[in-house]
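Asks: Residue strings, one per chain:
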Amino acid sequence: TTTDQTPVEKQQLRIATTTSLDDTKLLAHLTPIFEEKYNAEVLIVSAGTGKALEYGQRGDVDVMMVHDRAREDTFIADGYGINRRVFAYNYFVLVGPESDPAGVANMAPEAAFTAIREKGTAGDANVIFVSRGDASGTHSKEQSLWKAAGFNYTTEVKGSGDWYQEAGTGMGATLEMANEKEAYTLSDIGTFLAYKGDLDLVPIVDEGDSLLNVYCAMQINPAKYPDINSTVAKDWINFLISDEIQQEIASFGVDKYGQPLFYAAQDDWEKIGVTEAEVKDPIA
Amino acid sequence: MIELEGVRKQFDEKIVLDGVVGRIERGEIFAVIGPSGSGKSTLLRLIDLLDTPTGGAIRVNGADIHAGKSLAIQRMMGMVFQKPAVFNTTVAENIAVGLRFRGAREAAIREKVEEALEMVDLSGYGDRRARTLSGGEMQRVALARAMVIEPEILLMDEPTANLDPVSVATIEDLVVRINRDLGTTVLISTHDMYQGQRLAHRLGVLMNGVFAQVGTPREVFTLPASREVARFVGIENIVDGVVVGENGATAVDAGGVRVRVAAPLAPGERVSLCIRSEDLRIAPADAAKAPPGKNALPGTVASIVPRGPFSRVTVDCGFALSSVISWKRVDDLDLREGSSVTVSFAPESVHAVRRE
Amino acid sequence: MIELEGVRKQFDEKIVLDGVVGRIERGEIFAVIGPSGSGKSTLLRLIDLLDTPTGGAIRVNGADIHAGKSLAIQRMMGMVFQKPAVFNTTVAENIAVGLRFRGAREAAIREKVEEALEMVDLSGYGDRRARTLSGGEMQRVALARAMVIEPEILLMDEPTANLDPVSVATIEDLVVRINRDLGTTVLISTHDMYQGQRLAHRLGVLMNGVFAQVGTPREVFTLPASREVARFVGIENIVDGVVVGENGATAVDAGGVRVRVAAPLAPGERVSLCIRSEDLRIAPADAAKAPPGKNALPGTVASIVPRGPFSRVTVDCGFALSSVISWKRVDDLDLREGSSVTVSFAPESVHAVRRE
Amino acid sequence: MYEIIEGFLEAARLIVTLDPDVIAISVRSIIISLTATVLASLVAVPLGAAIYFGTFPGRKSLINLIQTLYSLPTVVVGLLIFLLISRVGPFGFMRLLFTPTAMVIAQTILVLPIMTGLTISALSGVDPVIRDTLRSLGATRLQFLANIMREAKFALLATVAIGFGRAISEVGAAILVGGNIMASSFASSTRVLTTAISLETSMGNISESIALGIILLAIALAVNLVITTIQHR
Amino acid sequence: MYEIIEGFLEAARLIVTLDPDVIAISVRSIIISLTATVLASLVAVPLGAAIYFGTFPGRKSLINLIQTLYSLPTVVVGLLIFLLISRVGPFGFMRLLFTPTAMVIAQTILVLPIMTGLTISALSGVDPVIRDTLRSLGATRLQFLANIMREAKFALLATVAIGFGRAISEVGAAILVGGNIMASSFASSTRVLTTAISLETSMGNISESIALGIILLAIALAVNLVITTIQHR
Ligand SMILES: Nc1ncnc2c1ncn2[C@@H]1O[C@H](COP(=O)(O)OP(=O)(O)OP(=O)(O)O)[C@@H](O)[C@H]1O
Ligand SMILES: Nc1ncnc2c1ncn2[C@@H]1O[C@H](COP(=O)(O)OP(=O)(O)OP(=O)(O)O)[C@@H](O)[C@H]1O
Ligand SMILES: [Mg+2]
Ligand SMILES: [Mg+2]
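Residue numbers (the numbering used here), protein chains in the order written: chain X, 1 to 284; chain C, 285 to 640; chain U, 641 to 996; chain R, 997 to 1229; chain P, 1230 to 1462.
One should not assume that every hint holds.
[Stated by the list, open to error] Calculated cross-link-like contacts (lysine to any residue; reagent style SDA-like; alpha-carbon spacing at most 20 Å):
{"hint": "1", "chain 1": "X", "residue 1": "Lys158", "chain 2": "X", "residue 2": "Thr121"}
{"hint": "2", "chain 1": "C", "residue 1": "Lys353", "chain 2": "C", "residue 2": "Glu287"}
{"hint": "3", "chain 1": "C", "residue 1": "Lys612", "chain 2": "U", "residue 2": "Val964"}
{"hint": "4", "chain 1": "X", "residue 1": "Lys280", "chain 2": "X", "residue 2": "Arg84"}
{"hint": "5", "chain 1": "C", "residue 1": "Lys367", "chain 2": "C", "residue 2": "Glu399"}
{"hint": "6", "chain 1": "R", "residue 1": "Lys1056", "chain 2": "P", "residue 2": "Val1455"}
{"hint": "7", "chain 1": "P", "residue 1": "Lys1289", "chain 2": "R", "residue 2": "Leu1221"}
{"hint": "8", "chain 1": "C", "residue 1": "Lys367", "chain 2": "C", "residue 2": "Glu456"}
{"hint": "9", "chain 1": "C", "residue 1": "Lys298", "chain 2": "C", "residue 2": "Gly493"}
{"hint": "10", "chain 1": "U", "residue 1": "Lys968", "chain 2": "C", "residue 2": "Pro631"}
{"hint": "11", "chain 1": "X", "residue 1": "Lys25", "chain 2": "P", "residue 2": "Asp1250"}
{"hint": "12", "chain 1": "C", "residue 1": "Lys612", "chain 2": "U", "residue 2": "Arg900"}
{"hint": "13", "chain 1": "C", "residue 1": "Lys578", "chain 2": "U", "residue 2": "Trp967"}
If you are wondering where the hints come from, they were derived from the structure by calculation, not from laboratory data.
A quick note: this is a predicted structure, and the numbers were derived from the prediction, not measured.
With the rest of the complex left out, here is chain X (with noise of 0.2 Å):
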């Protein structure tokens, strides 16, 4: 489909992207390639999770690319989405003062979240974990590493006590205010190391498979919305997991921060649990 705005030759492509993945820049990165290669305009719409996959389900965007497995798979069910590919994956990770006052380095992650909810219920004025309470795909990671621990997050974490506050703001907005009161939160790496410079917090807990954050792409779905932009849609998703941005996906960071941002999920699909088809098949 084409708007009035753009020349007639050049097609457009509308992403609903979850923000992590836009506030590191990889899209910016990716999207000169596709377009040259392509001759389309890519639209980015960064927004939470909860949002973008309102975009997508009303059909305001060609394809959502965001983090949550549960509500990727509502969505898909609903036959809002098709055709989703798994591109890159990364690690949450449990940041915290230095001081580390409920002492739950290196543990677990299960582990280290009943401590520290344990130390909070309990009335160490010292511990404090910050939610970002905003239904975004981190959110519900956190909210699935509750549960992991064996708590009913809606009674027995959330609203039991001032220990646990809920942000109900972005990843930044909740790294510097956990940063302020010197307390835990879940955060995606990416985000966490764009900010780092400005924070005392530290990771505390960064390894687990709990802890895997994964990236897709999907379709929405042409069925539902007839005159929306398939093709070009196709051709973003098949781009992103081709070989050559693969590699692009692996170095992306590398120079800025000593460490990469993203996996690229080509070869780790059994790690990450999906089929092989979802990291590798094109779509027709």
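Position chains C, U, R and P with the ligands relative to chain X; hints supplied.
Replies: Relative to the frame of chain X, chains C, U, R and P with the ligands by itself:
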């Protein structure tokens, strides 16, 4: 041309106009005079379609103007407000506004504005910012602004209240000229009775919500319809009394003093006698007797107050009578407080009004 | 008490006051008269510390009031503005403002306000919203507001411009009373010369940025200092001529007609003769000759114009001379346009001013 | 579009059921924004008066500056306050960041320019003769100001209405210095209506957002009715 | 605090080096917000005049409603427009979402209440005698309005300044309906100064945010100077 048919206007509780009836003829200069707060401005505003009467009708050329307010009727009229406001622009632009509204051409506008400025003695003020003008200058701009559109009916609400006598004379001449040359009907409200009289063909005296009297200046000034009107039009000497018969002629007994009156009155009637001060003659007490039939009342001078180029001499003849005479004459007669004098006046100079 | 020492005021380019010099005594009523735009309001505003002179000084009791503006000096004065504005509250509150500023007690305020309302004839208006008052009512509220604080100096800028004669008389009486009873110094600007004269102990005629003349009303009215002042104070008959010697007496040749003058003048001088209309006597042409030494000029009636309770009769005697006489007398003399008459007046009635 | 209708229903439901979270958020919004408006009035009105009646050099430039600050984005205000009160900032020792107090400060500063500017407008609307009359009646500075303000009452209260509107509707500063915290105690929480709306929106809960927006407008309406009542008294 | 100083330096650098991205964003901000302000004026001024001079029933309630809408949060405006123009909305077929046009619409609607309200205030500041004089001079409706507006010029232009300030400083609606898109073509992009500031802030780039804020204020200053010049002419 303008007919007032029981015009009423009420603000909240307060009834200001209580059924004003009157008729202003085409080409006439009609002055509305009346005390402060009597509703002169209110009446003019109703005629100029700026306010709606709460009762009655106002007809212009037969048509009820408030029935279907129309621009055509509005444009027949021009109004000068009591406290004029000027637009925040130059004097010339202020005067041009009405012409612009009527789509006049630029050259015509410039010429007419120039003429109007001259008329109100403000030539050369065209480029001044109107907001910085003095009170009187502003009033003259407002006048020029209303006159320049050559309305059929010119409404003026105390247009010379802030002007000095020389300017007043200029403006009055202008009004008379416009009325004479263009046939403009002029309705002017004024608190200056002399102005009303100088200018107007007829006067209406607005009091207590109605015209207490409508008539030519001479009628209103010499034959006021009531004690109140008499007082308002400046008749200094108003004496209350009762009519008595006296040798076939009519006389009025005012607290023991008899005053002869020319007009026939029924004995026993309670009346107020109005005697204009200029009809009184003050002479030394020992001067030749007044001719028979004339009133000649002895008295003593109670006070002498300067008033304009004259002095106002008040004589106590049982009741107070005052006369306005020139300073010179006061000196000639060697009048001073306490002097014994005779006040004489003709019975024809006495106007009697019934008291309720 | 108030000394004006070369007071100057300039707005941008325009010089309004150009070195006004004068002195107003304690307890005096001083009237500033002058044409519209001559700077009367400007002068009063400067005295009331509302504006700053661009030159000269104003002293009150010896102190330059603009050198160190002080509340104490401000509070000595009260001012009534030419176009008064009222506060958006009740009439009573409007009048109370100045008292409140001075911290008066509630009971005292109530009493004084009631008194003031009565003084200006607005009893019962206390609870009205001041914004809805008529022009004249507002002006009376402004008067009451300034008077109620009993200032030492009362400044009034055309305070009766919007009032009818009855109200004017009330206010004038009030001013005289305040001046007499409280010793208030009153400085009043007015375009109504008669008012100036009725009220003022002395008048200042403001013209071209300075006082063209300062004097008692009698001085200003009978002996104007210049042709301009003469014209302004309403002397209708101003005749230009050249002084000639005539049989030892002084006479002036005005276009061939000789007028005798009592005052000694140097022959050859160019003068203007001012003759008040009330000093003229108009008699039928065939009436007895005027006594020797009096001026008696033959002429024909050029026009008869009603003016107040009088008529203004203009006679062409080579130059125009007009006199104001009562209607009755016009009828008695059977005057009409074209009638041949003789105009007579004493040489003492002629005031001559030098022409530049 | 049905989200709008749903929003109304949701708003009705939240109000009728006295949803405790919503009530806490609404009360917090009212307290914070009213406090900020009152504080801002206390500064803006005297400041506006000082500028309007003042005759200092640079007066015109100052007025221009104030008008320019109408465009100050709330985020920028938030950032500046943030820098001042964050732990490493000059006022960091006061530990104000992420407290309702910080939000009051930010909103006060946010509405100051417009309230000051509108105060100047309100005062210039007073007839100059009224000013002269007050001076002439011997008003002290304070009496003068009090009376001029009474004359300008209508416009000044309209200014307060605008200030309150801007304070309660802004979100950028509130979220930056307040943090949109939902803690279990009322005092530690900083979530107000606008930040809650933002959050709901970012979660894609459009009906809830609109419901909260309607509640916010209902509050604004109530405040305006109070102001209008005072205006016409 | 050093971020503020850094912000100034950064702003200077961005301006001096004519950073093409910053210039594009700034120009877009100006175009969108000016357009919105002009459109809003075209609606608000006649509307305000109609309300001020009108005598219909419910007039007072309408004015109250308008004052209430001063508190309309930008996010709520954004949401409402979003619902209207998103693909499944009633105007979805026009494909306006994520275009500068959508942002203009949102900002226009956002500033309408305050501009209408202030227009009413501006008109009520005109001396009633001026109104009577115009009527008396036989003004048509249009001539009447044009002249009243000329008399109220000062206050009306101040209204425009406030409208522009609110438009260019708002972010909630801009981000919702614009999407903060940085595309390769100017016309397809929707990033404006405020959304860019939000983005920089969310990425922790405080100096950059402040730099952009300073540029925004510089633009506002320029626009204000123009308005002031017209006011005093
Ligand atoms: N602020 C101003 N700027 C420019 N000119 C002014 C200003 N104020 C007054 N003037 C001019 O100064 C002159 C004197 O004004 P002022 O008001 O003192 O006259 P006035 O004698 O009171 O006249 P009037 O009898 O008409 O009230 C006028 O020509 C007026 O236009
Ligand atoms: N809007 C209003 N609301 C209430 N009363 C009003 C209103 N307008 C005028 N009045 C009252 O109506 C009466 C007549 O007012 P109007 O202005 O017509 O008097 P006027 O004869 O012109 O007086 P003046 O000679 O003092 O100008 C006054 O008592 C005035 O207070
Ligand atoms: Mg009147
Ligand atoms: Mg004056």
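Asks: Now tell me if each hint is right for this structure.
Replies: Against the structure, the hints come out as follows:
1. For the hint linking Lys158/X to Thr121/X, the alpha-carbon distance of about 11 Å falls within 20 Å, and the restraint holds.
2. In summary, the hint linking Lys353/C to Glu287/C is supported, as the alpha carbons are separated by about 16 Å, within the 20 Å threshold.
3. For the suggested pair Lys612/C and Val964/U, the alpha carbons sit about 15 Å apart, so the restraint of at most 20 Å is met.
4. Annotation: proposed proximity of Lys280/X to Arg84/X holds, straight-line Cα distance about 11 Å (limit 20 Å).
5. As the CA atoms of Lys367/C and Glu399/C are separated by approximately 24 Å, the hinted pair breaks the 20 Å bound.
6. Using a Cα cut-off of 20 Å, the hinted pair Lys1056/R and Val1455/P holds, with the two alpha carbons roughly 14 Å apart.
7. Using a Cα cut-off of 20 Å, the hinted pair Lys1289/P and Leu1221/R holds, with the two alpha carbons roughly 11 Å apart.
8. The straight-line distance between the Cα atoms of Lys367/C and Glu456/C is roughly 18 Å, inside the 20 Å bound, and the hint therefore holds.
9. A distance of roughly 11 Å separates the Cα atoms of Lys298/C and Gly493/C; the hinted pair therefore holds under the 20 Å criterion.
10. For a cut-off of 20 Å, the pair hint linking Lys968/U to Pro631/C stands: about 13 Å separates their Cα positions.
11. Note on Lys25/X and Asp1250/P: the hinted pairing holds, with a Cα-Cα distance of about 15 Å set against a maximum of 20 Å.
12. With a CA separation close to 19 Å, the supplied pair Lys612/C and Arg900/U stays within the 20 Å bound.
13. Annotation: proposed proximity of Lys578/C to Trp967/U holds, straight-line Cα distance about 19 Å (limit 20 Å).
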